[in-house]
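Chains as they are written, first to last, in the working numbering: chain A, 15 to 331; chain B, 169 to 590.
Don't read these hints as lab results, they were simulated from the structure. Quick reminder that beta carbons are idealized off the backbone N, C-alpha and C, glycines included. Don't take each hint at face value.
[As the list claims (entries may be wrong)] Chain A is faced by these chain B residues, among others (derived, beta-carbon under 10 Å):
#: 1; residue: G229
#: 2; residue: A272
#: 3; residue: A275
#: 4; residue: T277
#: 5; residue: G366
#: 6; residue: V371
#: 7; residue: H475
#: 8; residue: D478
#: 9; residue: D483
#: 10; residue: Y519
#: 11; residue: D546
#: 12; residue: P547
[To be verified] Negatives, chain B to chain A, calculated, CB over 12 Å:
#: 13; residue: R362
#: 14; residue: V431
#: 15; residue: A504
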Amino acid sequence: MKHLLSAADLSRSEIDSILDLAEEMADVQRRPIKKLPTLRGRTVVNLFFEDSTRTRSSFEIAGKWLSADVINVSAKGSSVSKGESLRDTVQVIDAMGVDGMVIRHSASGAPAQAAGWIRGSVVNAGDGTHEHPTQALLDALSMRRHFRSLRGGFDEDWSGKTVAITGDLTHSRVVRSNVLLLRTLGAKVVLVAPPTLLPSGVTTWPAEVSTDFDAVLGEVDVAMMLRVQRERMSGGYFPTPREYTIGYGLTTDRLAKLRPDAAILHPGPVNRGLEMAADAADAGASRILDQVAAGVAVRMSVLYHVLGGADDKETNA
Amino acid sequence: MTELLITGARLIGGDAGDLLIRDGVFVDPASAGSDVERIDADGLIALPGLVDTHCHLREPGREDAETIESGTRAAARGGYTAVLAMANVNPVTDTAEAVEHMKAVAAETASAAVHPVGAVTKGLAGEELAELGLMARAGVRLFSDDGKCVHDSLVMRRALEYVRAFDGVIAQHAQDPRLAGAGACCHEGEISGRLGLGGWPAVAESVIVARDVQLAEMTGSRYHVCHVSTAESIDVIRWAKARGINVTAEVTPHHLLLTTSAVEGYDPTFKVNPPLRPDEHVEALREALADGTIECVGTDHAPHAAHDKDHAFSDAAFGMLGLEASLAVVMDTMVAEGRLDWAGVAERMAYAPARIAGLTDQGRPLEVGEPANLVLVDPERRRTVDRAASLSKSRNNPYHGRDLPDPVRLTLWAGRTTFRDL
């Protein structure tokens with residue numbers, strides 16, 4: 015696997031391979047000395063054109079625990095405002111001989127464009143309102159762990175599972191990656207949002223669409239809540255935060271209507287009281303902190319799959 | 169005395185015939201002198217020199233992307249003998265002095281007649297009228313804030329009213345700035361939603377066209393819609409014409425050929441304003457150009473230096489080249505499809521644009537006494553487009569790698585050879 019640009023790039027076996035290796039990597043997280051020699055001699059640049067403490071730290075820790083040399087480059091603000099083109103920026107770094115770039119950009123498609131301009135590997139760490147494939151992978155890992163923890167376990171058949179993703183779908187890169195990944199796994203996805211926050215063409219996505227959260231609540235195995243960006247609240251997408259919460263928040267009342275074995279996910283950070291009540295975030299069914307922990311393991315696994323060992327790299331070149 | 173005799177060219181509405189050009193004018197072929205230069209045009213079609221209602225020559229201000237010299241060389245390569253140069257240069261063409269400057273540079277360097285388009289508002293800011301009357305005295309007939317929409321209804325009303333005094337035309341870049349806001353860079357639909365690109369809904373164009381035609385009716389003024397891109401706009405234009413409102417419209421070659429699917433790979437070459445639209449809009453545009461609802465082709469030739477395109481899709485500059493391939497695209501989308509014959513091509517690409525822009529020495533028939541503006545067209549020759557071969561200074565060519573007609577063999581502007589490939 016040369017790059018990871020979209021969740022659509024991953025086959026079922028690749029997803030399973032990434033998640034299985036992530037579980038092994040998670041064991042490293044629990045060791046007193048968290049270090050593997052796997053990527054020794056490899057150099058990874060975290061190229062972040064957009065702030066993201068959580069994702070950047072997660073990739074940085076993942077790279078370092080695999081013994082890669084990790085360099086963080088903050089290129090905050092668009093490359094346009096600095097007068098240098100995106101192409102120049104990535105080609106300059108590529109010319110230094112790095113093996114891979116983890117790219118976060120406020121513009122959709124930027125990592126895909128970069129992959130066409132450079133020799134090294136690219137991992138999409140979130141591009142505009144397009145995709146965030148490692149987030150979908152860590153969500154899948156959290157879900158799988160949750161299903162395995164239930165009585166009766168999990169036979170890896172996702173076709174009986176229903177995941178409701180609720181919130182600002184239009185501006186969410188998390189939802190696009192999750193829909194693609196969950197489709198490959200075979201789960202049923204229900205997308206829930208007010209009509210103003212449904213993406214154009216959403217009815218062509220491999221998912222069901224609803225504007226009535228209560229109608230789907232009792233059916234779901236996973237309630238994935240999305241963050242509502244503060245700027246959307248004054249953008250005319252919905253009248254008031256209060257009305258949004260009453261219509262689409264995971265309130266205490268709705269928490270009680272969830273199936274007892276349902277999991278609650280959120281990519282964070284949570285707007286408590288807006289998209290979910292505090293007691294929902296802290297509920298026993300909440301996997302939110304597990305998602306954060308899974309993030310490092312998944313990114314270790316992804317970096318391994320993309321950058322590989324010495325032999326793999328040569329065959330990929 | 170310079171003479172050029174073109175023999176055997178197929179003439180519109182008739183059989184093969186000869187054309188004699190003397191001192192920039194068509195004269196009686198029977199009067200050819202013995203030492204006349206001859207061109208055998210057997211198998212070629214003679215069309216009036218093409219007229220572009222809409223191009224960007226980038227001079228003054230961005231001569232790294234294009235100059236009047238390079239842009240009109242590209243125009244001649246495409247069969248054009250006159251171009252209307254939009255006002256969004258730096259400084260903006262919003263004064264008579266700016267108009268005169270552009271004309272002076274063109275007089276020294278151009279390979280086609282350059283007619284500056286005047287800005288509607290000062291600095292294209294959409295607030296105060298530019299000196300429309302003084303620019304009209306300098307020869308301007310077409311006014312546009314192209315690149316931006318005159319979105320204030322009262323400013324639009326005043327502009328339409330004001331230019332009536334000198335039979336001016338307000339050419340609108342129809343784009344509601346709220347419906348197609350700052351992040352809009354792709355037709356709003358399935359692809360924009362999936363790729364996470366800011367959506368530019370079709371109605372953002374048609375609501376402005378609908379408002380404007382009503383203002384044109386109220387003021388009795390001439391109104392021209394730049395680069396129509398949607399079926400809804402065409403519906404509005406048809407309605408307006410049926411009411412007798414004085415509205416004309418243009419379509420770009422790229423909107424006749426390319427669809428939204430071109431942006432799937434996030435290649436900024438295909439980022440253009442208005443955006444490429446889905447099939448049903450493309451079909452509506454072809455139909456409207458065929459039936460005359462859309463009178464003419466305007467290239468919206470928009471050259472950009474590589475460093476203005478080598479960004480993430482949403483950060484890259486809008487626009488694509490158009491002058492060199494315009495006729496080729498019309499041939500493949502309209503002539504080959506049986507929607508236009510060669511007389512129709514002459515009407516849509518020469519006669520109508522000249523009429524709309526108020527040009528009296530362009531878009532004229534190839535008849536004795538008329539200015540010798542001519543393009544010889546090879547209807548059979550094709551090529552694989554290579555962006556490196558462009559005569560433009562820029563390389564943002566959306567047809568790179570595509571098989572297209574390569575029709576232009578000779579372009580004459582007022583009798584002067586501006587492009588020759590035979």
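Are there hints from earlier that the structure breaks, and if so, what are their numbers? Hints 1, 2, 3, 4, 6, 10, 11, 12, 13 and 14 are the ones this structure does not satisfy, whereas the remaining hints hold.
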